[in-house]
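K.L.:
Take a look at the letters that make up each chain.
4 protein chains.
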Amino acid sequence: MPPAELLAYGRKVLAAQPFSVLLGTEMAALSPDMTELRLALRPELLQQHGFAHGGLVSYLADNALTIAGGITLSGQIVTAEMKINYVRPAVGEALVARASVVAAWRTQAVVRCDVFAIADGSERLCAAAQGTIAAVPPRETGKE
Amino acid sequence: MPPAELLAYGRKVLAAQPFSVLLGTEMAALSPDMTELRLALRPELLQQHGFAHGGLVSYLADNALTIAGGITLSGQIVTAEMKINYVRPAVGEALVARASVVAAWRTQAVVRCDVFAIADGSERLCAAAQGTIAAVPPRETGKE
Amino acid sequence: MPPAELLAYGRKVLAAQPFSVLLGTEMAALSPDMTELRLALRPELLQQHGFAHGGLVSYLADNALTIAGGITLSGQIVTAEMKINYVRPAVGEALVARASVVAAWRTQAVVRCDVFAIADGSERLCAAAQGTIAAVPPRETGKE
Amino acid sequence: MPPAELLAYGRKVLAAQPFSVLLGTEMAALSPDMTELRLALRPELLQQHGFAHGGLVSYLADNALTIAGGITLSGQIVTAEMKINYVRPAVGEALVARASVVAAWRTQAVVRCDVFAIADGSERLCAAAQGTIAAVPPRETGKE
Numbered sequence: 043m044p045p046a047e048l049l050a051y052g053r054k055v056l057a058a059q060p061f062s063v064l065l066g067t068e069m070a071a072l073s074p075d076m077t078e079l080r081l082a083l084r085p086e087l088l089q090q091h092g093f094a095h096g097g098l099v100s101y102l103a104d105n106a107l108t109i110a111g112g113i114t115l116s117g118q119i120v121t122a123e124m125k126i127n128y129v130r131p132a133v134g135e136a137l138v139a140r141a142s143v144v145a146a147w148r149t150q151a152v153v154r155c156d157v158f159a160i161a162d163g164s165e166r167l168c169a170a171a172q173g174t175i176a177a178v179p180p181r182e183t184g185k186e
Numbered sequence: 043m044p045p046a047e048l049l050a051y052g053r054k055v056l057a058a059q060p061f062s063v064l065l066g067t068e069m070a071a072l073s074p075d076m077t078e079l080r081l082a083l084r085p086e087l088l089q090q091h092g093f094a095h096g097g098l099v100s101y102l103a104d105n106a107l108t109i110a111g112g113i114t115l116s117g118q119i120v121t122a123e124m125k126i127n128y129v130r131p132a133v134g135e136a137l138v139a140r141a142s143v144v145a146a147w148r149t150q151a152v153v154r155c156d157v158f159a160i161a162d163g164s165e166r167l168c169a170a171a172q173g174t175i176a177a178v179p180p181r182e183t184g185k186e
Numbered sequence: 043m044p045p046a047e048l049l050a051y052g053r054k055v056l057a058a059q060p061f062s063v064l065l066g067t068e069m070a071a072l073s074p075d076m077t078e079l080r081l082a083l084r085p086e087l088l089q090q091h092g093f094a095h096g097g098l099v100s101y102l103a104d105n106a107l108t109i110a111g112g113i114t115l116s117g118q119i120v121t122a123e124m125k126i127n128y129v130r131p132a133v134g135e136a137l138v139a140r141a142s143v144v145a146a147w148r149t150q151a152v153v154r155c156d157v158f159a160i161a162d163g164s165e166r167l168c169a170a171a172q173g174t175i176a177a178v179p180p181r182e183t184g185k186e
Numbered sequence: 043m044p045p046a047e048l049l050a051y052g053r054k055v056l057a058a059q060p061f062s063v064l065l066g067t068e069m070a071a072l073s074p075d076m077t078e079l080r081l082a083l084r085p086e087l088l089q090q091h092g093f094a095h096g097g098l099v100s101y102l103a104d105n106a107l108t109i110a111g112g113i114t115l116s117g118q119i120v121t122a123e124m125k126i127n128y129v130r131p132a133v134g135e136a137l138v139a140r141a142s143v144v145a146a147w148r149t150q151a152v153v154r155c156d157v158f159a160i161a162d163g164s165e166r167l168c169a170a171a172q173g174t175i176a177a178v179p180p181r182e183t184g185k186e
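Protein chains in written order, with our numbering: chain C, 43 to 186; chain G, 43 to 186; chain Y, 43 to 186; chain F, 43 to 186.
Simulated from the structure, these hints should not be mistaken for lab results.
The model shown is predicted, which means the values in this text are computed figures rather than measured ones.
Beta carbons: idealized from backbone N, C-alpha and C, even for Gly.
Heads up, some of the hints might be wrong.
[What the hints assert, rightly or not] If we take Cβ atoms under 10 Å as the criterion, some of the chain F residues that face chain Y in the derived model are:
id : residue
1  : 82
2  : 122
3  : 128
Input sequences plus hints: build the corresponding full structure.
P.N.:
Here it is, written out as structure tokens:
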């Protein structure tokens with residue numbers, strides 16, 4: 043897929059997720075090598091100490107991992123599992139998640155993602171994630 | 043803390059998280075042995091196939107893990123890391139997350155959480171999570 | 043499979059793993075609900091502080107997870123991923139790992155495992171693990 | 043610490059772990075940026091299909107993560123948790139694990155590690171890991 047088409051495809055996927063629309067997630071960049079999501083922080087996305095809620099950070103990582111795996115595997119996919127380490131409070135104007143496939147084969151892709159908080163124009167790593175995206179196997183007729 | 047006070051405390055923590063208020067998370071039960079969060083599913087919390095977004099499921103697990111660890115440890119806490127396996131599409135009227143501390147010591151608690159989707163009154167496991175909640179060490183004056 | 047046959051099958055699998063023979067892992071119990079491995083601790087299995095090496099604990103958890111998933115799924119399987127929290131130093135005469143399937147479908151099983159250290163006849167939890175066992179998809183002729 | 047001293051220190055740590063001596067793990071390189079462990083594969087380290095046992099791969103990742111975190115944090119440390127994705131069968135003459143710290147603060151370091159299998163002189167990624175190394179807090183007299 044040409045770069046511009048791939049980006050348009052990614053934006054369409056995101057626009058079709060009501061939850062991502064509610065949160066305001068944007069597809070900043072999309073290529074076979076890197077998926078970049080961006081989410082502007084606003085008061086209702088924070089927790090009680092004024093940081094982005096950890097669950098918001100894990101949502102963004104999960105979504106970047108899934109899209110990165112999805113453009114690598116063909117057909118329908120699901121996120122099988124994810125692990126995330128929160129390394130710093132996520133404080134700033136926006137979150138950026140960047141995900142890249144580490145290894146992929148016919149049925150699964152293993153993907154890593156870093157989430158950064160952007161404050162005053164500079165990025166600071168706030169979480170590191172790793173997960174598995176799985177191709178949904180076609181159902182064999184008459185078996186299930 | 044008496045049971046009713048603990049539950050009231052948990053609800054206060056949740057009400058102080060703007061992101062949990064946005065999503066509509068409720069504290070269904072809270073005891074030293076179990077934290078139960080409930081979240082009614084509505085269209086804007088779903089993804090493109092009509093299931094609860096995986097990032098919503100991970101948010102709910104993260105929050106239940108954190109609260110369960112927080113009532114076990116004293117003082118200020120942070121969620122250090124979390125791992126989640128998505129085992130079934132989360133379809134139904136509501137999600138319920140139940141978290142219990144597996145082991146805790148002075149500085150950390152390891153917690154497990156199961157997330158269920160409720161459909162037609164019956165529960166089905168949709169995700170299994172495990173994570174670490176860490177006490178924030180008091181800063182030693184003059185050291186940092 | 044009758045219980046005695048299942049246990050015999052599990053012991054055969056373990057005996058076929060040269061690494062498990064080197065370490066001395068024993069199949070203590072095996073049923074569709076629970077896989078229990080036991081490993082006597084001896085000096086060469088320890089690290090520099092006299093505890094069982096963390097890598098030994100993760101080996102035992104990995105193996106129990108894999109066997110529990112393997113008797114649930116049919117055909118050839120692989121361990122796709124695993125997460126382990128070390129909650130206490132593993133000190134004592136032996137380690138015991140107990141694994142149970144949390145959820146399984148045609149292609150994958152999600153399994154949890156607790157590892158205990160046995161000292162003076164009593165058990166103490168030293169690690170909590172969770173992982174995914176995947177069925178190896180049959181290769182489609184002419185496709186790869 | 044000068045590079046040669048750091049490498050000598052790392053080799054001493056490894057030599058003090060009886061389990062690592064049993065398996066034959068070598069410290070191939072050690073710097074503040076990268077820890078590299080190497081382990082020659084021999085028949086008794088394999089599983090039933092002739093691949094390196096997954097538990098051996100997780101041991102090597104665990105050990106590389108721990109050493110990388112340990113040279114970054116000061117004082118006594120423990121491995122708090124680890125996650126590993128097995129991405130290819132580990133087949134070849136040796137395994138190499140390379141670990142680098144992603145983020146560190148006073149009490150914890152988050153570290154990533156890739157494990158490669160070496161066959162016919164070329165490396166292939168066989169596992170990707172991520173974990174947390176924690177500083178053991180000094181015990182406060184009279185409190186516990």
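K.L.:
In ascending order, which of the hints set out earlier in this document are inconsistent with the structure?
P.N.:
Of the numbered hints given earlier, the structure breaks just one, which is hint 1.
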